[in-house]
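Participant: Sequence:
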Amino acid sequence: MWQSLKDWFFSLGENYGVDPIVFGAIYVGAIPLFMLSIAWLVRNKRAGKSIVLPTLSAGICFVSAYVYLAIVGTNIPVWVWIFLGILIAYGVWSTIKSVREKISD
Numbered sequence: 003m004w005q006s007l008k009d010w011f012f013s014l015g016e017n018y019g020v021d022p023i024v025f026g027a028i029y030v031g032a033i034p035l036f037m038l039s040i041a042w043l044v045r046n047k048r049a050g051k052s053i054v055l056p057t058l059s060a061g062i063c064f065v066s067a068y069v070y071l072a073i074v075g076t077n078i079p080v081w082v083w084i085f086l087g088i089l090i091a092y093g094v095w096s097t098i099k100s101v102r103e104k105i106s107d
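3 is the number of the first residue of the sequence shown in the working numbering; add one for each residue after it.
Listed next, the in silico DSBU-like pairs over lysine-lysine satisfying Cα-Cα at most 35 Å (straight line):
(1) 51 with 104
(2) 104 with 47
(3) 47 with 99
(4) 99 with 51
The set of hints was computed from the structure by calculation and includes no laboratory data. Here the structure is a predicted model, which is why all the values come from computation and not from measurement.
All chains should be modelled from the sequences, with the hints used to inform the complete structure.
Facilitator: Following this line, the structure appears as structure tokens:
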């Protein structure tokens, strides 16, 4: 069963021109950078400094895996883009809500 799941997972990369290892590494690797960017943003906001750079940094980290998918992926179904759009919109809403709560503390 594990081998079947593994074969299916890696076949997705072949079907769509995306290396699942690279996608996963970007996705997981961006998480700590995203968290650091959010901490930087909160610290700057509380100190009255510009939040432009930390916001851009957090945004780049948040979408980096999907940018990889958009650049190297081929024949990605429309439903995937719709689903990713919904995930990104929810993530933005959730992050804004979390940052506002941290800033008000």
